[in-house]
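With these hints in hand, go ahead and build the complete structure from the sequences.
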Amino acid sequence: MKKYIARENIKRFRQQLETCADERQRATLTQLLAQEEALLAEIEAESPISPEPPTHGSTN
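In my numbering, the protein residues as written are 295 to 354.
Don't read these hints as lab results, they were simulated from the structure.
Note that the structure is a prediction, hence the values are computed from the model and not measured.
Straight line, CA to CA, 20 angstroms or less: simulated EDC-like cross-link-like pairs of lysine to aspartate or glutamate:
id : residue 1 : residue 2
1  : Lys297    : Glu331
2  : Lys296    : Glu338
3  : Lys305    : Glu338
4  : Lys305    : Glu331
5  : Lys297    : Glu330
6  : Lys305    : Glu336
7  : Lys296    : Glu330
Dropping the structure here:
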């Protein structure tokens, strides 16, 4: 869930930066974007891709 929220925040901040003309607001959005990208990287580093779950009934 945290990963989803971080991705959505990144998407939203990028969209806002495309249309924002105010320099103070752009600076704030740029900072928020960098923080959220760092958070996403941290989340992804903590949760490696899990192996496929074993199938039940298999006798391998």
